[in-house]
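Protein chains: 2
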Amino acid sequence: MGYGSKDIKNIVKEILEEKKDIGGIKNIYFVGCGGSLGALYPAKTFVERESQVLRSAWINSNEFVHSTPKDFGENSIICLACHKGNTPETIKAARLGKEKGAAVIILTWLEESEIIEFGDYIIHYTFDASPDHLAGDIDYAGEKTQCALLVAVELVAQTEGYANYDKFYEALGMISNIIRNARTHVAARAEAFAEEYQNDSVIYTMGSGAAYGAAYMESICIFMEMQWLDSSSIHTGEFFHGPFEVTDANRPFMIQISEGSTRELDERALTFLKTYAKRIEVLDAKELGLSTIDASVVDYFNHALFNNVYPIYNHALAVKREHPLTTRRYMWKVEY
Amino acid sequence: MGYGSKDIKNIVKEILEEKKDIGGIKNIYFVGCGGSLGALYPAKTFVERESQVLRSAWINSNEFVHSTPKDFGENSIICLACHKGNTPETIKAARLGKEKGAAVIILTWLEESEIIEFGDYIIHYTFDASPDHLAGDIDYAGEKTQCALLVAVELVAQTEGYANYDKFYEALGMISNIIRNARTHVAARAEAFAEEYQNDSVIYTMGSGAAYGAAYMESICIFMEMQWLDSSSIHTGEFFHGPFEVTDANRPFMIQISEGSTRELDERALTFLKTYAKRIEVLDAKELGLSTIDASVVDYFNHALFNNVYPIYNHALAVKREHPLTTRRYMWKVEY
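Those protein sequence lines, which keep their order, are chains A and B. For the first sequence, counting from 1, position 56 maps to 56 in my numbering; every step adds exactly one. For the second sequence, counting from 1, position 310 maps to 310 in my numbering; every step adds exactly one.
Check the hints yourself; a few may be wrong.
Identical copies carry no separate label here, and so any pair may be met within one copy or between two of them.
Said to hold, decoys possible - Restricting the straight-line Cα-Cα distance to at most 35 angstroms, the calculated cross-link-like pairs of lysine-lysine (DSBU-like) are:
(1) Lys167 to Lys278
(2) Lys333 to Lys98
(3) Lys98 to Lys320
(4) Lys278 to Lys19
(5) Lys9 to Lys167
(6) Lys320 to Lys286
(7) Lys274 to Lys333
(8) Lys19 to Lys286
Just so you know, the hints here were simulated from the structure itself, not pulled from any lab data.
Please put together the full structure from these sequences, using the hints given.
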């Protein structure tokens, strides 16, 4: 029992076959904690925007267990991400899925772990396990974000149909090279970023659309968790309705400019920042090569690009601040 | 054309009657910007957790217009909040609703405004318009958050049925008194809060479940917008998967302890904070009187309670910091 991203088409087919006589699949829940939840954000957005019939939500594992949607049951898929398979809240969510008769898909990295017994389908994703994720030699199309997206794409395609299906797989075939080139492209500016922001105590991230999850992950997993900096991930559309009042010449913003439907939101925020902020780091998906992907599906690939460009910045910042990304004060060290 | 919260049952009935021959209502979108979006969070959570069939999402107005869900059309309700009826992005979302044949419900405060022509149903909610919202003499059951919730409750009840319907209305009849008592109850501690945190540059808010929107609003509309403080609203279930690494004896956290299904998440975060943080302000819904509401519906009333207790703290903090809540540097002052 172990699958890779290339098996997802058949996994979904098998689930639909199995559920055929009891009404099929009516909803899909994307559940996880922290970075594992963030990585599922594009898949959640895909179902929200592209499906006509599937109910869906994106919920922290512990909240899902304590406040479970009423329709969660044998007509459900729960798609969980759990990196090492040992997060107690996510294990509980998987177990709940088993108990309720849902199809349980677990995205995980390790071959063996505690969570595996609660999954119907264990998908082992690719992951750059090198120090600070710098090796860059993996198949990025097989990462957890893309695996979750494929679950969503296949589910929509095999039930109600998805017009851009071929374009999606075409893009998937292009993403690894785009990411590799982008990582090389930002090497020098990442060093300059680290030099500039090494003494700041707060750094905001910004983004929109299906890529918002990447801004969320960078804020909570890197700046807060791994650098102990104050941070928040600000949605570029929400920025003008409150958060923008903190803007001044000193506060640093790291802003994602997505390719696709919500680019205008990001550009509007950037225009404001260029006028009233002075310290801005721009990750522009277009400049980073994403516009070679077809416009009909590009929205869903911004996350993978940003999420894999950030590590170049993160490593440079950690070195300059002499605060290794592996340093923790609480995680894995104390009871909580 | 102007309705109040008491008309919502009939509004939903009329929409369902009108849509009967074209397949009924299949989805409901909660759309707004900033605080107006935050106020819709409990309604979104209600549909997500209680409905078996309705598709739903909670989306910033500008993102909704640029990245519209594919199923948005004549089988849709769009429920928008727009306080003064002049937010351009929300007006565009309402206009899009009209163009697509959706039933457009607009929650607003003013009698007349730009947005009104794009709504099928204009619901005028109650609002404490006194300086710093201190008067406390309004019917809190008629506020925008409760109006949106009623749209959700009536929609679910009148289509698939909602078992706790009577309990919900019973709670609605209790919420005003609970809020009024709670506001009096925190008066002294709000002064102490202001004294303690007047010189801080960052304050985090925390919460979970249907009440998370209240933590979001306090963070972006008060701390960031009205006090120019760094802030983020941390989900108490997500806290342990990244954000908690910023915890130390100095960083202030203002944490909501909800009554209902996600209380355990909040209590877990509070236990951690009590051990490793020293500066914590606790808003406990149980202590503030919410537990008189039936457990089957209490989840959805935490938001109204917290959202109306915050102003007591906000006023005290603004006075102590000599930074009036009305002060802006960009909003309404510059082009953006």
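Quick check: which numbered hints come out false for this structure?
Numbers 1, 3, 4 and 8, in rising order.
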